[in-house]
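> What follows is the residue order along each chain.
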Amino acid sequence: MINNIEKTPNISPHLKTNKTSKNIMVDVIIALIPVFIGSIYFFGTRSILIVFSAVFTCVLSEYIWQKASKKQITINDYSAVVTGLLIAFNMPVQTSIWTIVIASIFSIIVTKQFFGGIGGNFANPALVGRAIIMLLWPAQVAKYVTTYHASVDAVSSATILSLLKNGNDFSQFTKWDMFIGNIPGAIGETSVILLVIGFLYLSYRKIVNPVVTGVYLLTVVLITFVFGPQGLFTGDYLTHLLSGGLMIAACYMITDYASFAPRIRVTLAVIAGILTAGIRLWGIYPEGACFAILITNCLAGLVDRIIKPHIYGMKLKRDKV
Amino acid sequence: MKRQLKSYFYGGIHPSDGTDKLLSNQTPIKYYVPKRIEISMMQSIGHVSKCIVDIGDRVTLGQLIGIPQEFGTANIHASVPGIILDIIKVDDEHDGVYDVVVIETDNNFDINELYHNKDYSKQLKDISSYSRETLISSMKDGGIIGMGGAGFPTHIKYETNKTIDTVLINAAECEPYLTCDHRIMLEFPFEIINGVNLMIKAANANKATICLEDNKADAAKKLQEILENSNLPIKVKLLATRYPQGGERQLIQAVIKKEIPIGKLPAELGVIVSNVATAKALADMTFNETPLITRCITITGFVNKPSNYMVPIGTLLNDLISESGGISIDGDNKIIHGGPMTGTCIASNSNGNGLIGGVLKISSGIVVLGDEEIIESPCIRCGRCERVCPAGLAPFKIDFAAIENDLSLCDKLYATECISCGACSYVCPARRELAWRITIAKNEIFNQRHKNGGK
Ligand code: SF4
Ligand code: SF4
Chain G
57 MINNIEKTPN ISPHLKTNKT SKNIMVDVII ALIPVFIGSI YFFGTRSILI
107 VFSAVFTCVL SEYIWQKASK KQITINDYSA VVTGLLIAFN MPVQTSIWTI
157 VIASIFSIIV TKQFFGGIGG NFANPALVGR AIIMLLWPAQ VAKYVTTYHA
207 SVDAVSSATI LSLLKNGNDF SQFTKWDMFI GNIPGAIGET SVILLVIGFL
257 YLSYRKIVNP VVTGVYLLTV VLITFVFGPQ GLFTGDYLTH LLSGGLMIAA
307 CYMITDYASF APRIRVTLAV IAGILTAGIR LWGIYPEGAC FAILITNCLA
357 GLVDRIIKPH IYGMKLKRDK V
Chain V
-9 MKRQLKSYFY GGIHPSDGTD KLLSNQTPIK YYVPKRIEIS MMQSIGHVSK
41 CIVDIGDRVT LGQLIGIPQE FGTANIHASV PGIILDIIKV DDEHDGVYDV
91 VVIETDNNFD INELYHNKDY SKQLKDISSY SRETLISSMK DGGIIGMGGA
141 GFPTHIKYET NKTIDTVLIN AAECEPYLTC DHRIMLEFPF EIINGVNLMI
191 KAANANKATI CLEDNKADAA KKLQEILENS NLPIKVKLLA TRYPQGGERQ
241 LIQAVIKKEI PIGKLPAELG VIVSNVATAK ALADMTFNET PLITRCITIT
291 GFVNKPSNYM VPIGTLLNDL ISESGGISID GDNKIIHGGP MTGTCIASNS
341 NGNGLIGGVL KISSGIVVLG DEEIIESPCI RCGRCERVCP AGLAPFKIDF
391 AAIENDLSLC DKLYATECIS CGACSYVCPA RRELAWRITI AKNEIFNQRH
441 KNGGK
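Here the protein sequences come in this chain order: G and V.
Each residue of the first sequence is one higher than the one before, starting from 57 at the first, in the working numbering.
Each residue of the second sequence is one higher than the one before, starting from -9 at the first, in the working numbering.
Calculated from the structure, these hints are not laboratory results.
Treat the hints with care, as some may be off.
[Stated by the list, open to error] Once the Cα atoms are required to be at most 27 Å apart in a straight line, the calculated BS3-like pairs of lysine-lysine come out as:
no., chain 1, residue 1, chain 2, residue 2
1, V, Lys254, V, Lys191
2, V, Lys25, V, Lys79
3, V, Lys112, V, Lys211
4, G, Lys262, V, Lys402
5, V, Lys152, V, Lys248
6, V, Lys79, V, Lys40
7, V, Lys247, G, Lys364
8, G, Lys78, G, Lys63
9, G, Lys364, V, Lys248
10, G, Lys63, G, Lys123
11, V, Lys25, G, Lys63
12, V, Lys152, V, Lys25
13, V, Lys295, G, Lys364
14, V, Lys402, G, Lys63
15, G, Lys199, G, Lys221
16, V, Lys20, V, Lys112
17, V, Lys225, V, Lys211
18, G, Lys364, V, Lys402
19, G, Lys127, V, Lys387
20, V, Lys402, V, Lys441
21, V, Lys212, V, Lys112
22, V, Lys211, V, Lys247
23, G, Lys262, G, Lys78
24, V, Lys295, G, Lys72
25, G, Lys72, V, Lys387
26, G, Lys262, G, Lys199
27, V, Lys197, V, Lys225
28, V, Lys108, V, Lys191
29, G, Lys75, V, Lys387
30, V, Lys212, V, Lys197
31, V, Lys254, V, Lys130
32, V, Lys387, G, Lys126
33, V, Lys20, V, Lys295
34, G, Lys78, V, Lys387
35, G, Lys364, V, Lys254
36, V, Lys115, V, Lys79
37, V, Lys112, V, Lys197
38, V, Lys108, V, Lys197
Next comes chain V alone, as it looks inside the complex (with noise of 0.2 Å):
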């Protein structure tokens, strides 16, 4: 019997009729090792680490390359071992100067030997000897940041001084295409479980709840199943798929049935979220002294052979679509850095030989997707915005408002509460650019904030 399964969380949308999916997540994760890896010292957007080597070292699996010099930021590792080769300087103007460390891998590496045939791969573990304040610092140590999309290191988050009730795994994956989350659950349980334990105890928690949507079924049954013969204080929570169900607010609206009170943080209602990847890296970390040097990224859309990977940081892109089998569109193509509705476009047209740069630690996907000129046409007020808006705000309102430069009443519209989530953009008959228009009228309210010495 199928159950009904109703979402609880305002407004959202079904920007997917399930198939795009469909393309890479029944494929198992394939390992791969490139010859020459380029790991970014910025790992999130606008945030910078300091890199701390330098050209011709050799470093180990594992070793330190960069630290942390502002808030925001994290440990940087060397995810391959190898010689480093250059050291690019970045300057860029939205994001600022960065380096980015190109190390050649060496030739004997063999990425198999990190993962198989680990105790923590296999079973629950025991982790009474481990304290709060040990992983907290194993969170920071390993380099371990939100590998949802916002890229946060975990440990700023565990250390508040709230009382948390319930640590949130974020396995919604709701954005289409993605599959690399879903992968990772099929095939990494116990890691993911074991991982998720140690959260509960830094966070110091009394329970967690592993939250997916209901088009991933089979992983939730297969952690269902380990959690059954335990008496960890972990459920599984299976939600009605709907788009933004994984962002923060709504995840914690459609679990806890609260919502988070404007400008506080999700530690005010005692919850934490954490993304079921960065799980899996806290007890690669705690287990198996391996900081957060791979990640699961889907590579998918128009490419011969969609697939997800587990690649060390830094993998180049290039490499990735091309071992992917290439670009299968003719016409004219975006590659998405993210998932398609909140990720970044970082090239158009291209045969998928020019792309710069590697994987990040916030790396969930690259997609490749047809391009087609958007038109906006006036707003026919259908109202259908409005309605999907999970903040529920009025987007042609604001968008209106945006337009004639009324930053005082985009605030007055709440312009502020909009996540950007795209939602609003996805439904419009109109075509209207409103998600795009909100959020810049949403960054220039805050920096105006900002400038007066407000928060």
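Extracted from the complex, chain G is given alone in its bound form (with noise of 0.2 Å):
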């Protein structure tokens, strides 16, 4: 019926915005290029290799997939290398090219495709590629190195949440160092300066809400800063603000369209705060937002159920007719 019924010229309206699904898609990816070249800066050219066997794996399980199961193509709106730019941008730079790979191809295929493609995933497909990698093969993403620019030459080393975790001392990075991204981690999330960067322009382009952004980091500054080591209100907010995945889940994983409701999206990002700080302070592993965001996804159902939206002329209850 709906589904088959001609498109004649007669439908209204006959002014659409010259913003398309792939002006976004590339707006993302120039916001991305700043965190990529911080990323071949402080890990060296294996960033390259990280990034492209990720994009390239990316786009080609979409064509695959899409070619095979007869659906449109849309490889050429650019969400495929987004998704793939993202995956590669939490892993480590020792992290090997098959993992990366088979990352990138759950992402695609099990997280986006099964679910409908762009757009019907319930989860973000570059955090559950991580996920999937961290509970198969921990040891993969665990292998970080120092930086090219450290005082120490590049050795292995634990991210600052894993000493700060232990109640070990990192004096050996200053919170400039932070802030710029000369510490381990994975490749994409380490410089603050570069990922705000970016979220500043996306901010500039109306692509993202800088609110929800803002709520996300308020919400885990202000419980890891009361619920600190020695008692309440001791945390080391500054140091859990500037290190570990937080700030790129702040500024592109919250911000996904799909799996973060656009009307429920502040709400969601409360919930994914609190749980970030939560497995930080309280969980096993040092760092919470990968699996904080996932859980938030999948708990992105119940709340739209529970927050309505108000239709225009709906009092408490519908009239019933």
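Taking the hints as your guide, dock the two standalone chains into a single complex.
Printed below as a string of structure tokens:
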């Protein structure tokens, strides 16, 4: 019926915005370029290899899947490129290429295409890819090294968050190092400044809503400050804020359109913030952002049902007809 | 100092940067009398009046030629004096069967005489001698219908038994490109204010508010100046420009700050909304005994001379396009009757000569736009459609349900509350035809309810 009514030229409105899905994805890619350059600067040319294998696998698996299942080919909307970039940025530089390829295939085919393609995914594909690796081959994504520009040579090193979690000293890293990204971590997550630059660009282009990101960060900061190791209000919130995957999550994961339904996004951001801080402080993992966001993704349906939209003219109860 | 205006209805978009209206909002209204007119007995979509004249008859200006034959139709009058050349029977599969009366205009007819040097166009009139009943019956006799688009007979609205407090005069003209309401406010301010005053009386209301968007500040100033020296209970209100401000429900929300309950009419809140051109029509009928036989229409977009015309109802669209210098775009085009957001496409890739039909009482404009092929891509769930929907719906969800033919889900998602404004389709980066599909689903739900005996 409705799906096979033929289209006529007479479909109003006759004006449409010229901002398309592709424009949006291109803007996201532009926003991620500084982070990409930063990853090469801090972790060397292997970053390029990681990024390219992730992007290439994502695009190719999307194409093959859509071709095989005879769906509309959507690789030219560049959303697979964005997914690939985010997967790569979430991996440490020593991760083997096959891990990246598996994470990418999994992200695209299982998380994205099984659920109906772009927009249909209930969870963030890039994070699912990373989570799968963390569960199946945890050693692969635990090999962190210091950057090329650290005061010590490139040696394997724990991330600041795990040092912090275990109560170890991490004074070799200054707050400034954390801010510019001169610390061990996944290739795209360390540099707060570069992530924020891209994010400001996206806010300026009205592609993301900075309020949501702000709410998420504030929640994390608040909780990590209040529940400090030496009692209430002693937390090292600045380290929490500047290290680990918090910034990349705040800037690029919770702003994901599909898995963070826009209408309830602020509420979800608070939930994700509480979970992130909770996992970091009391969970078994030093880093909480990834799983926190995935859990929030799963809760989105529930929240959507609890927070009802307001329909024009709707009083408390719908008039029965 | 520029005042910051706020707009209080939900959602909404800015489909226009203002340049589209600039094409024609500074061009004074031109008067144009065609040699031949074609008056359709269907003046608003799906509502057909009965033709009561024959081929060869001579008609005088304003003579009754069509009478209502069903709910929602109104009188139709000869808009020029002349001889009936033909009566064409149209059989349209969507809109039904109706007659079109073709009249050849008398040579000595001068449309200017209709409007100039009348006392009600220079001063405020004392209306104490008119009663509510006489006004409502002159609305009925004059064939006055809502000139903003829906074309609902005005007298039926005003016959309400609810207590009306405020008459809202809709002069928002929120559709891009259209400037006819803007021009009539600038050029017929006294007629309009006199008409609004009559409407207050016809509704037995306490006051009226003329609502304009701030891109028409000059018109607001003009009306304000006249009102300042009077003690009429009429206010002028400027609203921040945003589409669809001129939607009846949105206008009420923006001005009265209340929502009309689902399934109810504005009268429920003590409000009647009328278009500003309708107010002028009532003044013309009351003070000048001229029924609704002319209207102002904007011809704009890709035409060589975008203009506003005051023309007899039934003026051929072809004539108006060539009067405006013809179509100025080489590539693909489409010609829209009404505004670009909610209007209907009456021709594509036309050279402007093949248009069928004439100006209706509801014709606010003819807009020639460039055409491009729209390829829909999958929804990326960006939520823009939901954010702009003035009804508060989640268009992407309804769209999905409609594609799956799940009407009961569409109903649960309140598809029936869609006002078909098109804001969602406008913003969608995936270029989905949301409004189109939701409107089909909405109508389908209403059909089914009808069949099942509900309302
Ligand atoms: S605006 Fe288009 S792409 Fe965005 S959520 Fe709505 S339907 Fe989907
Ligand atoms: S067309 Fe309907 S669904 Fe779309 S924005 Fe307008 S009211 Fe909402």
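> Next step is simple, just say for each hint if it's right about the structure.
Structure-based check of each hint:
1. V:Lys254 <-> V:Lys191: Given pair V:Lys254, V:Lys191 holds - Cα atoms ~23 Å apart, limit 27 Å.
2. V:Lys25 <-> V:Lys79: holds (21 Å)
3. V:Lys112 <-> V:Lys211: Between V:Lys112 and V:Lys211 the Cα gap is close to 17 Å, so the pair holds against 27 Å.
4. G:Lys262 <-> V:Lys402: Violated - the C-alpha atoms of V:Lys402 and G:Lys262 are around 31 Å apart, more than 27 Å.
5. V:Lys152 <-> V:Lys248: Holds, because 17 Å separates the two Cα atoms, which is no more than 27 Å.
6. V:Lys79 <-> V:Lys40: Judged against 27 Å, a Cα distance of about 12 Å means the pair holds.
7. V:Lys247 <-> G:Lys364: holds (21 Å)
8. G:Lys78 <-> G:Lys63: holds (23 Å)
9. G:Lys364 <-> V:Lys248: With Cα atoms ~20 Å apart, G:Lys364 and V:Lys248 stay inside 27 Å; holds.
10. G:Lys63 <-> G:Lys123: holds (25 Å)
11. V:Lys25 <-> G:Lys63: violated (37 Å)
12. V:Lys152 <-> V:Lys25: The given pair, whose Cα atoms are some 45 Å apart, is violated under the 27 Å limit.
13. V:Lys295 <-> G:Lys364: violated (50 Å)
14. V:Lys402 <-> G:Lys63: holds (26 Å)
15. G:Lys199 <-> G:Lys221: Between G:Lys199 and G:Lys221 the Cα gap is close to 17 Å, so the pair holds against 27 Å.
16. V:Lys20 <-> V:Lys112: Measuring from Cα to Cα gives roughly 20 Å; hence the hint holds.
17. V:Lys225 <-> V:Lys211: With a Cα-Cα distance of about 12 Å, the restraint between V:Lys225 and V:Lys211 holds, given a limit of 27 Å.
18. G:Lys364 <-> V:Lys402: holds (12 Å)
19. G:Lys127 <-> V:Lys387: Cα-Cα ~20 Å, so holds.
20. V:Lys402 <-> V:Lys441: holds (19 Å)
21. V:Lys212 <-> V:Lys112: Satisfied, since the Cα-Cα distance of roughly 13 Å is no more than 27 Å.
22. V:Lys211 <-> V:Lys247: Between V:Lys211 and V:Lys247 the Cα gap is close to 24 Å, so the pair holds against 27 Å.
23. G:Lys262 <-> G:Lys78: Roughly 15 Å separates the two Cα atoms, so the pair holds.
24. V:Lys295 <-> G:Lys72: holds (24 Å)
25. G:Lys72 <-> V:Lys387: holds (20 Å)
26. G:Lys262 <-> G:Lys199: violated (37 Å)
27. V:Lys197 <-> V:Lys225: holds (8 Å)
28. V:Lys108 <-> V:Lys191: Between V:Lys108 and V:Lys191 the Cα gap is close to 22 Å, so the pair holds against 27 Å.
29. G:Lys75 <-> V:Lys387: holds (21 Å)
30. V:Lys212 <-> V:Lys197: OK: V:Lys212 and V:Lys197 at ~19 Å, within 27 Å.
31. V:Lys254 <-> V:Lys130: Given pair V:Lys254, V:Lys130 holds - Cα atoms ~24 Å apart, limit 27 Å.
32. V:Lys387 <-> G:Lys126: Within the cut-off at roughly 24 Å; holds.
33. V:Lys20 <-> V:Lys295: Since the Cα atoms of V:Lys20 and V:Lys295 sit roughly 12 Å apart, the hinted pair holds (cutoff 27 Å).
34. G:Lys78 <-> V:Lys387: holds (21 Å)
35. G:Lys364 <-> V:Lys254: holds (22 Å)
36. V:Lys115 <-> V:Lys79: violated (43 Å)
37. V:Lys112 <-> V:Lys197: This hinted pair holds, its Cα atoms lying about 22 Å apart.
38. V:Lys108 <-> V:Lys197: Holds - the C-alpha atoms of V:Lys197 and V:Lys108 are around 26 Å apart, at most 27 Å.
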